[in-house]
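Protein sequences, first through last, are from chains S and X.
The first sequence stops at residue 678 when you use this note's numbering, and every number in between is there.
The second sequence stops at residue 189 when you use this note's numbering, and every number in between is there.
Since the hints were made in silico from the structure, they are not lab data.
Fair warning: there could be bad hints in the mix.
Unchecked claim - Under the rule of at most 16 Å between Cα atoms (straight-line distance), these lysine to aspartate or glutamate pairs were calculated in the EDC-like manner:
#: 1; chain 1: S; residue 1: K633; chain 2: S; residue 2: D615
#: 2; chain 1: S; residue 1: K630; chain 2: S; residue 2: D582
#: 3; chain 1: S; residue 1: K665; chain 2: X; residue 2: E135
#: 4; chain 1: S; residue 1: K576; chain 2: S; residue 2: D646
#: 5; chain 1: S; residue 1: K670; chain 2: S; residue 2: D615
#: 6; chain 1: S; residue 1: K665; chain 2: X; residue 2: E98
Okay, here's what each chain looks like letter by letter:
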Amino acid sequence: AQKITQTQPGMFVQEKEAVTLDCTYDTSDQSYGLFWYKQPSSGEMIFLIYQGSYDEQNATEGRYSLNFQKARKSANLVISASQLGDSAMYFCAMRDPLDTGANSKLTFGKGITLSVRP
Amino acid sequence: SQTIHQWPATLVQPVGSPLSLECTVEGTSNPNLYWYRQAAGRGLQLLFYSVGIGQISSEVPQNLSASRPQDRQFILSSKKLLLSDSGFYLCAWNVAGPYNEQFFGPGTRLTVL
């Protein structure tokens with residue numbers, strides 16, 4: 561079974577600086593997808609960015625980018641120019657390797673709390 | 077645009093009481109639907125998913141059940157709640173796309189006393 565590991569303690573970053581949130585995963589499959597979600601204090605999960613295992617380039621989405629190192633099985637999220645509204649929990653997730661269709665089950669890590677200081 | 081609703085937003089129930097949480101999706105047809113539970117300070121655990129009306133797959137054996145009576149309606153139920161059922165319940169949907177990402181509802185916070 562696949563596994564997502566997020567072991568960083570609560571992270572702090574100064575407003576306008578960049579921060580990296582770590583995610584490592586374990587899978588024996590060659591085809592998989594990795595996601596990052598943001599969960600503010602309201603509780604809703606917000607999709608941020610996606611990286612496919614066969615994507616040759618690191619995914620980027622506005623201020624979010626993914627540092628994907630396939631050989632090391634890591635998919636770290638980089639947030640540039642942090643804003644106060646970035647304070648939230650961040651979850652890394654992996655799509656079940658056996659799911660190639662839309663009915664894809666996700667396995668989530670335990671999350672990382674990010675606090676942005678003014 | 078698509079929206080997903082969950083209700084109630086919060087719920088406090090005694091042990092042994094029944095449960096019914098509802099999730100509805102607007103603006104899309106034949107979505108895949110998911111129920112997750114999040115324990116305090118933890119990640120999400122998939123409970124059930126559905127690819128169509130009346131089609132339910134269970135991921136974790138427990139005293140919860142799910143039903144999909146309509147295309148865009150997903151219901152999570154229990155006949156008798158346990159203390160361990162407390163948590164934050166999130167409903168999600170997706171359809172086929174480049175990423176197949178899931179979109180989440182606002183969640184229901186359940187406290188079993």
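Here is how each hint holds up against the structure:
Restraint check for S:K633 and S:D615: the C-alpha separation of about 14 Å stays at or below 16 Å, so the hint holds. A hinted pair counts as satisfied when its Cα atoms are at most 16 Å apart, and S:K630 with S:D582 qualifies at roughly 14 Å. At roughly 10 Å between alpha-carbon atoms, S:K665 and X:E135 fall within 16 Å of each other, so this suggested pair holds. For the hint pairing S:K576 with S:D646, the CA-to-CA distance comes to about 11 Å; that is within 16 Å, so the pair holds.
Distance hint between S:K670 and S:D615 is unfulfilled; the C-alpha atoms sit about 25 Å from each other, more than 16 Å. About 20 Å separates the Cα atoms of S:K665 and X:E98, which puts this hinted pair outside 16 Å; it is violated.
In this structure, the earlier hints numbered 5 and 6 are contradicted, and the remaining ones agree with it.
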